[in-house]
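> Going line by line, the protein sequences match chains A and L.
First residue of the first sequence? That's 1 in the UniProt record's numbering, and the numbers climb one at a time after it.
First residue of the second sequence? That's 1 in the UniProt record's numbering, and the numbers climb one at a time after it.
One or more hints might be untrue.
To be verified - Pairs of lysine-lysine residues, derived as PhoX-like cross-links and limited to a Cα-Cα distance of at most 25 Å, are as follows:
#	chain 1	residue 1	chain 2	residue 2
1	L	Lys55	L	Lys80
2	A	Lys578	L	Lys80
3	A	Lys430	L	Lys139
4	A	Lys570	L	Lys93
5	A	Lys608	A	Lys473
6	A	Lys430	L	Lys102
7	L	Lys152	L	Lys139
8	A	Lys512	L	Lys55
9	A	Lys583	A	Lys608
10	L	Lys80	L	Lys102
11	A	Lys473	L	Lys80
12	A	Lys174	A	Lys193
13	L	Lys11	A	Lys430
As the list claims (entries may be wrong) - Per the computed footprint, the stretches of chain L lying under chain A, defined by three or more beta-carbons under 8 Å from a beta-carbon of chain A, are:
#	stretch
14	14 to 23
15	104 to 117
I should point out that these hints are in silico values taken from the structure, not numbers from a laboratory.
Because the structure is a prediction, the values reported are computed rather than measured.
For each residue, glycine too, the CB sits at the ideal point set by N, CA and C.
Here's the letter readout for the chains.
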Amino acid sequence: MYWLSTLAALIVSSLVGIDAFAANQQSTRTASCLSMAQDAVDTKITTLTDATNWRLRLLLNGVTTTQGRKIDGQLFVLNGNFIEEEGYEPPQGLFTSLTSSNKSEDGSDEVLSLEISSSRWKLSEDPDDPKDGLWIWGLFKEPLYPFMLLQMETKELELSSAEGEEKDSIPALKLYAQINHIRDQETGNVDLKTADVNIRLLEQIQLPGATVDLYENEKVGQVSFQPLSNSRASGREWHSNTNLTQHSTMVSRERDEALPAIPENSESKLRSASLLIGDDEEDADDQEQRLYEADNIQADEEEPKTGDNNETTLTTSHTSDEDGNRFYVQSATGGQWELTWPIWHLLPRNERREIATQYGMKTIGDFEEYMSLTRAVDESEGIIGTARSGVIVSSAADMRDRTDAAESNYLEIIERGGLPCTLPDEILRKCFAFLPIDDHANLALVSPHWSKFTRCEELYKSLCQRIYLNQSKRKVLHVHKFGNSYRRMLELRPRIRVGGGLYVLQYKEVKKIQRDMWTDIPVGAVLESIYYRYLYFFEDGRVMYALTHAHPMEMIPRFHNMILRGYGSKDKWGVWGKYQIKKDIVRVWATQQWHDVCFQMRVLPSNKVLNYDNGDRGVCTSMQLDKHMSSASGNFEEDNRYDLVTYEVPPHLYFRFLRDRRL
Amino acid sequence: MNADECMETIKLTSRGGDSFELPYAAARLAHVVRDANDENDDGDIDSPEDVEILKVNSPCLEKVVEFLKHYHEEALTEIKTPLEDNTFEGNVKQEWYQNFLKGIDQPMLFDLVTAANFMAIQPLLDLTCLKVSCQLMGKSAEEIRQILNIPKLTPEEEETARRDHRWIFDD
Numbered sequence: 001m002y003w004l005s006t007l008a009a010l011i012v013s014s015l016v017g018i019d020a021f022a023a024n025q026q027s028t029r030t031a032s033c034l035s036m037a038q039d040a041v042d043t044k045i046t047t048l049t050d051a052t053n054w055r056l057r058l059l060l061n062g063v064t065t066t067q068g069r070k071i072d073g074q075l076f077v078l079n080g081n082f083i084e085e086e087g088y089e090p091p092q093g094l095f096t097s098l099t100s101s102n103k104s105e106d107g108s109d110e111v112l113s114l115e116i117s118s119s120r121w122k123l124s125e126d127p128d129d130p131k132d133g134l135w136i137w138g139l140f141k142e143p144l145y146p147f148m149l150l151q152m153e154t155k156e157l158e159l160s161s162a163e164g165e166e167k168d169s170i171p172a173l174k175l176y177a178q179i180n181h182i183r184d185q186e187t188g189n190v191d192l193k194t195a196d197v198n199i200r201l202l203e204q205i206q207l208p209g210a211t212v213d214l215y216e217n218e219k220v221g222q223v224s225f226q227p228l229s230n231s232r233a234s235g236r237e238w239h240s241n242t243n244l245t246q247h248s249t250m251v252s253r254e255r256d257e258a259l260p261a262i263p264e265n266s267e268s269k270l271r272s273a274s275l276l277i278g279d280d281e282e283d284a285d286d287q288e289q290r291l292y293e294a295d296n297i298q299a300d301e302e303e304p305k306t307g308d309n310n311e312t313t314l315t316t317s318h319t320s321d322e323d324g325n326r327f328y329v330q331s332a333t334g335g336q337w338e339l340t341w342p343i344w345h346l347l348p349r350n351e352r353r354e355i356a357t358q359y360g361m362k363t364i365g366d367f368e369e370y371m372s373l374t375r376a377v378d379e380s381e382g383i384i385g386t387a388r389s390g391v392i393v394s395s396a397a398d399m400r401d402r403t404d405a406a407e408s409n410y411l412e413i414i415e416r417g418g419l420p421c422t423l424p425d426e427i428l429r430k431c432f433a434f435l436p437i438d439d440h441a442n443l444a445l446v447s448p449h450w451s452k453f454t455r456c457e458e459l460y461k462s463l464c465q466r467i468y469l470n471q472s473k474r475k476v477l478h479v480h481k482f483g484n485s486y487r488r489m490l491e492l493r494p495r496i497r498v499g500g501g502l503y504v505l506q507y508k509e510v511k512k513i514q515r516d517m518w519t520d521i522p523v524g525a526v527l528e529s530i531y532y533r534y535l536y537f538f539e540d541g542r543v544m545y546a547l548t549h550a551h552p553m554e555m556i557p558r559f560h561n562m563i564l565r566g567y568g569s570k571d572k573w574g575v576w577g578k579y580q581i582k583k584d585i586v587r588v589w590a591t592q593q594w595h596d597v598c599f600q601m602r603v604l605p606s607n608k609v610l611n612y613d614n615g616d617r618g619v620c621t622s623m624q625l626d627k628h629m630s631s632a633s634g635n636f637e638e639d640n641r642y643d644l645v646t647y648e649v650p651p652h653l654y655f656r657f658l659r660d661r662r663l
Numbered sequence: 001m002n003a004d005e006c007m008e009t010i011k012l013t014s015r016g017g018d019s020f021e022l023p024y025a026a027a028r029l030a031h032v033v034r035d036a037n038d039e040n041d042d043g044d045i046d047s048p049e050d051v052e053i054l055k056v057n058s059p060c061l062e063k064v065v066e067f068l069k070h071y072h073e074e075a076l077t078e079i080k081t082p083l084e085d086n087t088f089e090g091n092v093k094q095e096w097y098q099n100f101l102k103g104i105d106q107p108m109l110f111d112l113v114t115a116a117n118f119m120a121i122q123p124l125l126d127l128t129c130l131k132v133s134c135q136l137m138g139k140s141a142e143e144i145r146q147i148l149n150i151p152k153l154t155p156e157e158e159e160t161a162r163r164d165h166r167w168i169f170d171d
């Protein structure tokens with residue numbers, strides 16, 4: 001009987017079990033996840049984040065004090081955590097000490113605390129191999145860095161001394177350690193082994209025309225690492241895709257630090273100094289530090305542009321991590337969501353890609369180009385007609401109030417479209433005739449009552465004449481090819497955007513720096529250089545061209561000046577030339593000081609073909625560069641071989657049209 | 001007697017009844033004056049008569065007369081299209097004409113355009129139209145609406161406008 005009842009109980013329980021499993025599959029899974037997370041906390045995975053507090057035992061025994069006394073066996077204990085800085089490869093960051101306590105070896109109550117003035121750690125694959133650090137994202141599995149290079153600068157420490165004696169102190173030290181670093185690939189648990197601590201004896205060797213710093217490591221002690229408790233319940237690994245919480249703490253922390261003043265013109269220097277460094281020489285470390293600071297400054301400088309409420313929005317927005325808008329903050333003007341550009345480079349690659357696709361771009365590079373170009377234009381008006389509607393509404397309302405009091409027949413006017421709409425049509429037409437061609441786009445959006453001027457064959461005809469007769473150097477328009485419709489002609493026939501902005505080609509390349517004994521560029525450094533080609537087209541067939549490193553922000557005012565001073569005026573970079581379009585092929589000839597250049601481009605009717613944007617910029621705003629030639633004699637005939645140079649043009653180089661109201 | 005050498009002055013009378021005196025040679029730039037005096041193709045007239053410009057009010061007519069007088073001394077150089085620059089000053093190089101329209105308000109500008117049109121003064125019409133279009137140049141649709149005090153488009157209207165202008169918008 002007994003066995004029967006147990007059997008029944010078993011069956012029942014198993015049935016219940018199945019039932020429960022079927023019904024609460026979801027919840028059990030969550031529960032197991034939770035328990036796993038609990039495990040993670042319990043086993044205390046140690047990481048190189050602020051989640052783990054580390055205790056550093058620093059035993060100094062070979063240090064000479066200011067009085068020339070040798071310190072023997074002085075133990076310092078430091079608590080702190082390793083904080084990784086985003087965006088570096090290999091991973092690296094700072095060691096920040098939380099509290100520093102000190103016990104002397106024999107346990108007496110002598111209290112000394114060693115203060116760290118600056119510190120830096122970097123993971124390394126092989127400190128002796130200068131190529132270390134050129135590991136490429138995504139190509140291999142994540143590398144296991146077997147070493148950590150730690151550098152710490154300590155402040156001068158006064159030693160307690162008996163009365164009558166002169167004050168003795170440990171001088172400020174620069175300590176170096178190469179630590180064996182083991183990270184469990186599955187759990188991400190980090191183990192740091194005990195290592196020797198060195199100071200470096202510098203020796204400067206004077207060579208003709210240069211000085212070379214040599215150093216020798218001198219062992220002054222030992223350092224050991226011991227993970228304390230996890231300060232927060234989080235088992236995050238240093239390489240995991242960190243979310244915005246970390247970015248924001250990152251940003252605010254970096255901002256707190258006192259940063260050296262940087263000259264106005266620093267941006268170009270910074271831009272050309274995106275260096276990846278891969279060795280542990282002292283000057284390299286310094287360089288690195290400088291770059292790191294420079295990076296911070298750049299971030300700081302850019303920050304205010306997006307409005308003061310960034311910080312707060314940033315911190316609040318990361319709490320709702322899951323919605324799509326987490327990378328966006330509301331700009332000060334309201335209504336518009338703008339990307340916080342400064343944190344862009346901190347984002348993991350896949351998230352950047354996601355944003356790029358969201359903006360209709362095919363690649364991250366395209367999106368970066370788009371953003372950097374758009375931001376160059378004042379008020380970043382890359383998009384026709386759609387921007388800033390929210391702001392205008394309110395001010396238009398204000399205006400309405402004002403005019404309401406002033407004009408009694410206000411309603412009548414507003415119905416008919418304001419004062420200018422009361423003008424006779426022919427006058428309006430005359431006014432509009434002065435406008436640049438592409439401004440007609442805006443007119444079309446202003447008032448439906450203006451359709452007479454913005455939507456009639458007569459206007460289309462005059463526009464066609466303005467556009468195509470000038471651009472293609474023809475006398476007659478063959479409108480019959482477009483079904484006798486000038487409108488179709490405008491829609492189908494490729495043209496160049498004249499005035500109202502310029503075409504920009506941004507070209508980026510990564511160069512390996514030629515290293516010789518006179519350069520103090522660190523080993524393994526790579527230089528990213530950016531240059532631009534600008535083309536500004538006039539309606540009458542003239543063109544302004546510039547090849548320069550100058551950002552559009554700088555170049556646009558230069559072009560503006562050139563326009564004001566008229567044809568032939570000189571500029572440091574800008575030169576004059578002419579252009580002609582045949583079907584969709586544009587040729588530009590420009591005379592530079594040393595030779596003439598000739599470009600051949602193809603007008604792309606729509607950006608959608610390229611997946612560049614969602615057609616926001618309008619038609620004919622991209623040109624593909626097909627040919628690039630130069631000739632000292634200015635003769636570009638095909639049979640002219642003696643001084644014609646044809647350059648190889650990489651595929652997919654595009655001139656993008658950048659609207660700017662100053663031009 | 002040829003009108004160009006006519007030294008006599010005439011009076012133009014505004015809607016408000018104010019009269020402005022100016023040499024006939026200057027005033028004949030306005031076709032309305034020529035017509036009133038039956039000037040024939042050879043420019044021969046007997047003796048110029050005063051003209052009433054009933055459609056133009058006093059402050060505006062004062063400006064017009066100022067323009068006519070100066071134009072007689074220093075003609076406005078023709079405004080070339082396409083425009084060289086997107087500012088008024090960049091296109092009109094003569095200082096007097098720059099100052100002529102400096103600081104005048106919107107209603108006055110539009111009065112001037114209408115007056116120039118009514119009196120058929122081609123150079124004044126060119127100048128004022130240029131001023132108007134320079135105000136619109138490079139502005140977004142919202143800004144133009146704000147400048148000209150025009151109500152906002154409804155979304156449907158905007159949609160139609162965009163669809164109708166595929167030569168500019170890439171929809």
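> All hints, please: hold or fail.
Consistency of the hints with the structure:
no.: 1; hint: L:Lys55 to L:Lys80; in the structure: 30 Å, violated
no.: 2; hint: A:Lys578 to L:Lys80; in the structure: 19 Å, holds
no.: 3; hint: A:Lys430 to L:Lys139; in the structure: 18 Å, holds
no.: 4; hint: A:Lys570 to L:Lys93; in the structure: 21 Å, holds
no.: 5; hint: A:Lys608 to A:Lys473; in the structure: 29 Å, violated
no.: 6; hint: A:Lys430 to L:Lys102; in the structure: 21 Å, holds
no.: 7; hint: L:Lys152 to L:Lys139; in the structure: 15 Å, holds
no.: 8; hint: A:Lys512 to L:Lys55; in the structure: 76 Å, violated
no.: 9; hint: A:Lys583 to A:Lys608; in the structure: 20 Å, holds
no.: 10; hint: L:Lys80 to L:Lys102; in the structure: 21 Å, holds
no.: 11; hint: A:Lys473 to L:Lys80; in the structure: 19 Å, holds
no.: 12; hint: A:Lys174 to A:Lys193; in the structure: 20 Å, holds
no.: 13; hint: L:Lys11 to A:Lys430; in the structure: 30 Å, violated
no.: 14; hint: 14 to 23; in the structure: violated (count 0)
no.: 15; hint: 104 to 117; in the structure: holds (count 6)
Hint compliance for this structure: hints 1, 5, 8, 13 and 14 are broken, all remaining hints hold.
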